[in-house]
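Work the whole structure out from these sequences, hints included.
Below are the chains, spelled out letter by letter.
2 protein chains.
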Amino acid sequence: MRVPFQDMYNTFMKILTAVGCEQDCADLCAKIFTQNSCDGVYSHGLNMFPGVISNIKNGVIDINARPKKVHHFGACQVWNGNYGPGISNAHFAMAQAIHLAEKNGIGCAAMRNTNHWCRAGTYVIQAADAGCIGICWTNTIPNLPPWGSKQASLGNNPLAIAIPRAEGHLVLDMAMSQFSMGKMRVYQRAKEQLPVFGGYDADGKLTTDPAEIFQSERALPIGLWKGSGLSLMLDLLAAILSGGNNTFRIGKLGAEKNVSQVFIAIDTRKISSAEFVRQIMEETIASVNRSQPAKKGDAVYYPGQRMLMTRADNLANGIPADEEIWEQVLRSIASKP
Amino acid sequence: MRVPFQDMYNTFMKILTAVGCEQDCADLCAKIFTQNSCDGVYSHGLNMFPGVISNIKNGVIDINARPKKVHHFGACQVWNGNYGPGISNAHFAMAQAIHLAEKNGIGCAAMRNTNHWCRAGTYVIQAADAGCIGICWTNTIPNLPPWGSKQASLGNNPLAIAIPRAEGHLVLDMAMSQFSMGKMRVYQRAKEQLPVFGGYDADGKLTTDPAEIFQSERALPIGLWKGSGLSLMLDLLAAILSGGNNTFRIGKLGAEKNVSQVFIAIDTRKISSAEFVRQIMEETIASVNRSQPAKKGDAVYYPGQRMLMTRADNLANGIPADEEIWEQVLRSIASKP
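Chain order of the listed sequences is A and B. With this note's numbering, the residue at position 296 of the first sequence is 312, and numbering never jumps. With this note's numbering, the residue at position 186 of the second sequence is 202, and numbering never jumps.
Only true hints are included.
Identical copies carry no separate label here, and so any pair may be met within one copy or between two of them.
List of simulated lysine to any residue pairs, SDA-like, C-alpha gap at most 25 Å: (1) K268 / E299; (2) K312 / S232; (3) K221 / L240; (4) K47 / G198; (5) K84 / S288; (6) K47 / D23; (7) K199 / W241; (8) K312 / G220; (9) K85 / A290; (10) K84 / S289; (11) K221 / P211; (12) K268 / S288; (13) K311 / E233; (14) K273 / R306; (15) K268 / Q295; (16) K221 / N305; (17) K47 / N74; (18) K286 / H115.
Hint data in this document are derived by calculation from the structure and do not stem from the laboratory. Given the structure is predicted, the values throughout are model-derived calculations rather than measurements.
Put into structure tokens, the structure is as follows:
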């Protein structure tokens, strides 16, 4: 089934308001949840909505808490997320990074004690909409084994980068495993196999079955030892720069909460001429798009190119929705908050 | 064969001086070439030395050129490397990023028109030695196909990150392919197969044979579409922030030269308490090191841990050297510059 953007937004808005979210914050969160699904990142849009509402109800998310500045030095700020909503907290932190970049060329806002931001790509797109390069990452619960181990002691910490472009930003949004946890859940719900190996089964054999990977807790890091190493570094940077929890400490909390996040913006307008940047980007994009396909007839894309096609399709024809999850969301409007 | 650190350094020093390198620059370059091999990164130490000397002789590297500041805004600087030596240029640029970080918490120095810096890890270790988090990357010639293509139109652009630690820094230094080009050359010279798939053969089948991968020009990106996407973003960021060449333009030059690089330093002392940082790091390191190994008896390491062991061994027992390359270097002392 496909749900029109406005209908999905209205539904999220109603439910967020009903659970006590103030108007501005509800509007922002409803818009971002809907945009995430509209961009084709269903796992981090509609599919994540019921879990966030649960976390508001059970107190993991303090719906009306707002971030507080802890420290400011030069182009760096440290914020306490005060256990508030992950989406509005992250949006706020990237806005601070953008302000810092306007003044300093580059800006870094780190936030501790915040909640799941749903989709990393959201906040680098926000930076790119403001004309800045955006870079952000978060840590999470232990759900990825370090290379050489079968015990999940690292987080599958996503990293996102966007570069602004008038015709649609370049957007990279990647978990440290071959498939994000959310993406694997989408395959699992559809009873489909992953298109390439995504992790190990209980016997330590590579598998395309998401259920077996969730059971073994052994997703495959990108580049094997490399993704494992990058994930560890991102976790430490997030904890150090925000003065917040590392994955080790988050793992002791019994839920995915009180995470640490880093938001970097770079204002290219303070550094390079717009015309030079345009030329450089168009050359690279053209060179990638015309690269000879490995399989005859296939197309070769830049990061974010397919997202733009999906977005246009979903805006025109409605957003594909997991029927069961959408029904669950609709039912919750009728029930008490 | 194993060569003592001081002997290798002295040899490099003699040759660099003989080709016209000034004392300070020769000392820095000789030290870094030796350290790279001493840390076990043979591909980017001794093995890269003859090529750099050739590039000095044939004019790709202007041995006595020095970087010139092009632009400064807040915590960002743009430098022109003036086709000077890649090692001393990169060392200089990271030093600027460290200065910027001391004043602004974070600093970004980008450099255009510079040469191969040999090993990415060198400059983030330099930042960590100065008490800063270091992040750097470079672009290069087209030598990696974008995902879905068999034509190398992206660069295999390495990314390095270090976090300072009294007992030895955490250091991640990774190419965007499963094995760096240099590492594959080490396997090829030793007539060994790669331990895991490193790319495709001419028929598009995954292979562990480095020669077949060089022939097909199809190294395997880490995380398949993810490493391909990250490589493209790193290339664009390097070109945009330095006002320099992208991989596309470098590919038109007929040699790996005039590349673009980015150096970021973050002065954690301006942001977090030393004791907090120490605790966070020790917890994460302990948690990784005690993770249950996938194979009984194996150890689980943090990024840079094995490098510290290799460094200690090589300092004590001499640096393992490719005999043929070492002899070639020794012979060149006798010959005219």
